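Based on these hints, arrange chains L and H on the given structure of chain V.
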Amino acid sequence: MPAPPFEYGLIVAGILFGIGAVGLLVRKNIIFMLMSIEIMLNSAALAFIVAGSRWGKADGQVMFIFILTMAAAELAVGLALVLQLYNTFRSLDSDIPSRMRG
Amino acid sequence: MNWLFYISAIVAIISTVMVITRTKPVHAILYLVVSFFAVALMFFSFGAPFAAALEIIIYAGAIIVLFVFIIMLLSPGSEAGEQERSGIKREEWFFPGVMIGILLIQLLIALLMSPNNPGAGLEIGPKAVSAALFGPYLLGVELASILLLGGLVGAYHLCRRNSNQGDEQ
Amino acid sequence: MFKLIWLVPALPLFGFLFLTVLGSRLSKPAISYIGAGSVGLSALVTAAIAYSFITSPPDDYRIAFIFADWMNVAGFNPKFGIYLDALAVVMIVVITFVGFLIHVYSTEYMGDDDGYARFFAYMNLFMSSMLILVLADNLLFLYLGWEGVGLSSYLLIGFWYTDPENDKAAIKAFLVTRVGDAAFAVGLFLLFFHLGTLNIQEILLNAPQVWAMGSFVATAAALLLLVGAVGKSAQLPLQVWLPDAMAGPTPVSALIHAATMVTAGVYLIARMNGLYILAPIAQSFVAYIGMFTLLLAGFSAIVQTDLKRALAYSTISQIGYMFLALGVDAWSGALFHFANHAFFKALLFLAAGAIINSVHHEQDMLKMGGLRKQIPLVFWVFLIGASALAALPFITNGFYSKDLILWHAWASPKGNVLLWAGGIIGAVLTGLYAYRMVFLVFFGEAKIVTDYKPGPAISIPLVILAFFSIFSGFIQMPEVLGQTQLFTEFTHTALPVSRILSGHTTEAVLIIIASAASLIGLYIAYKAYIKDPQLAVNLLKTSPGSALNNFFFHGWGFDFVYYTFIVDPFTHLARAGKNDVIDYFYQGIAYVMRKANYLFGEIQTGNIRNYAMGLIFGALLTVAALVFS
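Residue numbers (the numbering used here), protein chains in the order written: chain V, 1 to 102; chain L, 103 to 271; chain H, 272 to 900.
Because the hints were derived from the structure by calculation, they are not lab data. Hints may be right or wrong, so weigh each one.
To be verified - Here's a subset of chain V near chain H, in silico, CB distances under 10 angstroms, partners left out:
hint : residue
1    : Ala51
2    : Arg99
3    : Arg101
As the list claims (entries may be wrong) - Derived lysine to any residue pairs resembling SDA-like cross-links, with alpha carbons at most 25 angstroms apart:
hint : chain 1 : residue 1 : chain 2 : residue 2
4    : V       : Lys28     : L       : Thr123
5    : V       : Lys28     : H       : Ala883
6    : H       : Lys798    : H       : Gln634
Note that the coordinates shown come from a computational prediction; the quantities given were computed from them, not determined experimentally. A virtual CB, placed ideally from N, CA and C, is assigned to each residue, including glycine.
Bound-form chain V, shown alone (with noise of 0.2 angstroms):
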């Protein structure tokens, strides 16, 4: 079965990256501003994903393997900083710990 024309797979990947920047920057709370982050890296995954299969190679996925594990290792301590945060500013609002200015 033919592929889809790769190009749209890129298109569609650079639509999901740029709703999570959009997701990013407008966004207070840091949860949401995480999932922006997953978002992007998600979109990223498939822009590999549609790049190997255009060559016909493994190694898209291997990629997106890797992606997977850095972004599950990378969630895992965001989420336990931002426990550490919720505890000393008692909110989750990204605007509050803006100490370090100058």
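Just chains L and H now, kept in the frame of chain V:
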């Protein structure tokens, strides 16, 4: 199979937009699950069933569960909801939207300028992927495992201090 | 044996380095041992080398060592080399010996000072530089020592730097000698340009072949070197720094501004004797500068009230005698007077230090008096030193060396009656001011009572120097008085022998006149300060008397002229140009930088979303660059 791709693409985009526009985190998480499922189907349509399976199991399975746990622990009450509702203004979407729009246009231009490539249409199954992983990408596998170890230890350590302080106070 | 000569300047240099790095952590006895000990060891090595030099001399009474190449650039190849001949031997013997005694004296004199280690570090640096100066075999290495002594002098004059007056004196000394140094450097350029080398012996050999007698270039080079010597030796017209340099501690005045550094100019001209013989105009300049300086300083010395300033003017005057000697071909005479002067002038300064200590740091002689009974040892050594200064006939060393100079001023083909007469008048003045000091400080009624007892570190050097002030003259007597010509026999291996145009009878007559001059000076001082003190007071009350007194007191107005015509216009111009256009440019750069820093600082808001915005924006630009390139 192209119709599978187009439908799941539309679903993915719509659900992702819903993710970032919800006020309650739990709603957003649910829409995120839908988005991940749609992307998994897109993987399948591109001839990568193993990747699709992994996406469901790990992304939609483990990572979402992590999110749910945190949301449960932190459970922002109704005050946070008020904050969220009042926080998102129409104007705030404008500038990021413009920037991302420009980015997407650039991407489109790049894609349309490149020569037309037909898809290979092959299905790359688990066997091929594993052969690649244990072959040329062995080092990467090891590094990924160390990364996971680091994440594990880091997460454990960061949360352990939390409980210690709680005990002492 | 002679190879050890490198130790002589190196030991004080090690002392300096050691004390600079570790001085603040050492105990006082340790500092004393290192500071004075390094010079003492150097003196021992010098003594051994001098003994070998005299008893088993090297070939032709000279030997040279080259220790390393300094630089090798386009045919310019100066080396770190030492040239040892009779002249150098005399210099190092005097320098290390007197220097060691002064260092020992300083251990007691500077004992209570906070900067004890710093003092000895600077003194050691000075000793090392001075020894390099006199041992160097080429003019660049000599210039290194020259600059080193200038630096040490600045550091030591401004030793008590917390008082701004001392800083001003130090800067004045440095700037005035700098004028001389600049001329010296131009002279070096000239010499190298025409002769292709700065090695002293090579210059002395080649100069007569390249330049004719009295050629313009030779005269120019000689005159430029003379300006350098005039600066360093405080002669006319650059003598203004030495009286102010008395702001430094007394051992500094003794070592640097009496015995050694100020004689560097004398050494330079003596060393470059061939060049001056080749340029008779320059040599006569040397003689006349010497004569006018000795008269000017002599007149100034007789009206000074500060004890150390009087001694400073006395030093200027005595070096004038040395310049006069060099100018009339009395090369060995100048050297002999240098050695004797080092002994008695160091003695006078060290004794002055003891006097000042005893009268609770009062330096005005008019406020002292009658100290004869209270500090008897100091009185006797000061009397011996003053007598040597006044060249009291037959029993002091000053008599023999000054007589040698005056004899040459009369009898040498380069001398004339005018120079001799100036020297004689100078002798009268010297006797006058020397005994004036003695009478004012030690005789008369005691205005300040003290029970100061100088310790051994002060007393012993004083006694040793007094001994030499009497006996070091006997090694060189005029022909009519005896045949001991040990000094000139030794130095004639290195310095030219001068021709004498007159006979023994003239010599005897001149000796009598010179002796009479000193005694006349003594008599006038006695009359004015012991017998009839009102005489001086009455003279001062008359208007020409007080005008002259003022004129002489301020060094014949040289300070006034320099300040009004050079220093003040310069500082005015400098201040006027303080905030001009070019400064605005630099201030503008600093201002822009500060503003830019502030702007960039504003970017760091601490807000995560702003940073994310920055990231996305960067990604946008990067992709744009990739896509549209």
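Is the shortest C-beta separation between Ala51 (chain V) and chain H less than 10 angstroms? Violated, about 16 angstroms.
Go through the hint on Arg99 (chain V) and say holds or violated, using the shortest Cβ distance to chain H against 10 angstroms. Arg99 (chain V) check passes; min Cβ-Cβ to chain H is 6 angstroms, inside 10 angstroms.
When you check the alpha-carbon spacing of Lys798 (chain H) and Gln634 (chain H), does it fall within 25 angstroms? The hint holds at about 24 angstroms.
Check whether the Cα positions of Lys28 (chain V) and Thr123 (chain L) lie no farther apart than 25 angstroms. holds, 12 angstroms
Answer holds if the nearest beta-carbon of chain H is closer than 10 angstroms to that of Arg101 (chain V); otherwise answer violated. Result: holds, 4 angstroms to nearest chain H Cβ.
Is the hinted pair Lys28 (chain V) and Ala883 (chain H) satisfied, with a Cα-Cα distance of at most 25 angstroms? Holds, at about 12 angstroms.
When held up to the earlier numbered hints, the structure conflicts with hint 1 and nothing else.
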